[in-house]
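*Asks:* Produce the complete structure using the sequences and hints provided.
Each chain, written out:
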Amino acid sequence: MEKQGYISEIKEHTGINVNRCYQCGKCSAGCAVTDEMDYPPSMVMRMLQTNDDENYKSVLQSESIWLCITCQNCVTRCPMQIDIPRLMDYMREQSLQKKMVSKKAKNIVSFHKSFLDPIRFTGRSYEIGLVAGYKMRTFNLLQDLNVAPSMFMKGKLPILPERIEGRKQIKEIFDKTKKEDK
Amino acid sequence: MKIGFYPGCSLKGTSSEYAQSTLALAKAFDIDLVEITDWNCCGATAAHNLNHELATALPARVLALAEKDGLKEIVVPCAACYNRLSVTQHELNENQDLKNRVEEILEMPLSGNLEILNVMQFIDRYIAGKIEGKVVKPFNHKVVCYYGCLLVRPHDVLKFDRLEDPQSMDILMKKIGADSMDWGYKTECCGAGFSVSRTDIVGKLSGKIVKDAYDRGAQAIIVACPMCQSNLDMRRPHINSYLKTKIDIPAMYITQAIGLAVGVSREDLGLKKLFVAPTFA
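Chains as they are written, first to last, in the numbering used here: chain L, 421 to 602; chain W, 889 to 1169.
Just so you know, these hints were derived from the structure itself, not from any lab. This one's a predicted model, so the numbers in the text were calculated from it and none came from an experiment. It is possible that some hints are incorrect.
What the hints assert, rightly or not - Distance condition first, Cα-Cα at most 27 Å in a straight line; then the derived DSSO-like pairs of lysine-lysine:
#, chain 1, residue 1, chain 2, residue 2
1, W, K1062, W, K1018
2, L, K591, W, K900
3, L, K446, W, K1099
4, W, K1096, L, K599
5, L, K524, W, K1018
6, W, K1047, L, K533
7, W, K987, L, K574
8, W, K1134, W, K1099
9, W, K987, L, K446
10, W, K900, W, K956
11, W, K1047, L, K446
12, W, K1092, L, K555
13, W, K1099, W, K1160
14, W, K1099, W, K1132
*Replies:* What follows is the structure, given as structure tokens:
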């Protein structure tokens, strides 16, 4: 009997069958961030095809899954139309839930979390709150201090957050869809 | 007929000139855009990177609110919001289980037949036919049109323009007198949501875009996405340090360029808010 591993889990949650990839490499060729990645997208695909738990772990611990910028170039050019960006989203979720996030991806993950924090309470994104949260998480305290005053002068940096009426509903959306611990 | 407007968070803050110029352009053609009541953030890159269900429910609330407002079509100038709203509506229409779950989370019904227009689709439908008669100051400059990722991909869902060599912005720019040139970076990624977390990557990817525009002799890069614009504009110091040179071609919104051509004031188009100022306007 075929081993039931993460390949079937991936298929169940995303509809993606990783076995369909025949390693043509077009995804890696068109990827904007390949040269920054530990494993280029086609290699991630190959590792997943092995249905080997060690390889799966390496993917979930990789920096690649966080560097994928979701530009959608890969799926656009894939001859098998494999939705790699959707797969990367799923890998990121799994990596978070299994607490396997690469240390090298700390800034990226901190940014995403800090982006969502204000939305949870106000319903809209809030630049100052986002940057403050990001700096607290990463200790990059001095970053972008030079650009803030000119943004403010150009009216691009509202001091107060926008707060919508349906804040309670937004908080419920966050609570009902919550998956991982902070 | 009422046309809905979803500004999204960027257009309320860091990219307020995009909202200003879109609304000013609409006004110049006597079109009233009505903001969706009590809209929320679409969740952007952060939500879909961390939690698929959240990334579906947030845009779904916006769609539900638009339907509740009785809107049939909404204009979404931000390419990232346009992408998230379109992909969400598509996913909900394709996946009944997900739709049931999201309706349960929101406690709001979704019919799923809103027309979601990006800024070019809006201009095409309501303005393009009347532009040439209204041009008072032809935009006679060499430009390159930068589409980025999220306006054209994924094509199966968005069904907007050609994938590898889109033309819609070029056609509009030619209508207002611009020399819209062929170039190699129309749909390459600018670094998108890495503006803060990996500014080095933005400097490199956006650097290549700005360099090609410069090499081809462009006087402006025309954009239709607030993320692309701020990466190409506000991150110019990082770009210039990556390129080890100083390139000062502005990255401006297509709504600003068309607005200038049809005689909207610099003030109403928010031109002062660009970091790299256009020298010709």
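*Asks:* When you check the alpha-carbon spacing of K1092 (chain W) and K555 (chain L), does it fall within 27 Å?
*Replies:* Holds, at roughly 23 Å.
*Asks:* Does the structure keep K1047 (chain W) and K533 (chain L) at a Cα separation of 27 Å or less?
*Replies:* Distance of about 31 Å is beyond 27 Å: violated.
*Asks:* Quick one, are K1062 (chain W) and K1018 (chain W) close enough, alpha carbons at most 27 Å?
*Replies:* Satisfied, since the Cα-Cα distance of roughly 14 Å is no more than 27 Å.
*Asks:* Are the Cα positions of K1099 (chain W) and K1132 (chain W) separated by 27 Å at most?
*Replies:* holds (11 Å)
*Asks:* For the pair we were handed, K987 (chain W) and K574 (chain L), check the Cα-Cα distance against 27 Å.
*Replies:* Roughly 41 Å between the alpha carbons, so the hint for K987 (chain W) and K574 (chain L) is violated.
*Asks:* Starting from K591 (chain L), check that the Cα of K900 (chain W) is at most 27 Å away, please.
*Replies:* holds (21 Å)
*Asks:* For the pair supplied as a hint, K1096 (chain W) and K599 (chain L), confirm whether the alpha-carbon distance does not exceed 27 Å.
*Replies:* Status violated; Cα separation ~38 Å.
*Asks:* Just to be careful, I want the Cα atoms of K987 (chain W) and K446 (chain L) compared with a cutoff of 27 Å; is the pair within it?
*Replies:* Measuring from Cα to Cα gives roughly 33 Å; hence the hint is violated.
*Asks:* Are the Cα atoms of K900 (chain W) and K956 (chain W) separated by 27 Å or less?
*Replies:* holds (23 Å)
*Asks:* Need the status of pair K1047 (chain W), K446 (chain L): alpha-carbon distance at most 27 Å?
*Replies:* Satisfied, since the Cα-Cα distance of roughly 22 Å is no more than 27 Å.
*Asks:* Holds or violated: are the alpha carbons of K1099 (chain W) and K1160 (chain W) at most 27 Å from each other?
*Replies:* holds (24 Å)
*Asks:* For the pair supplied as a hint, K524 (chain L) and K1018 (chain W), is the alpha-carbon distance within the 27 Å limit?
*Replies:* Cα-Cα ~52 Å, so violated.
The structure does not agree with the numbered hints 4, 5, 6, 7, 9 stated previously, though it agrees with the rest.
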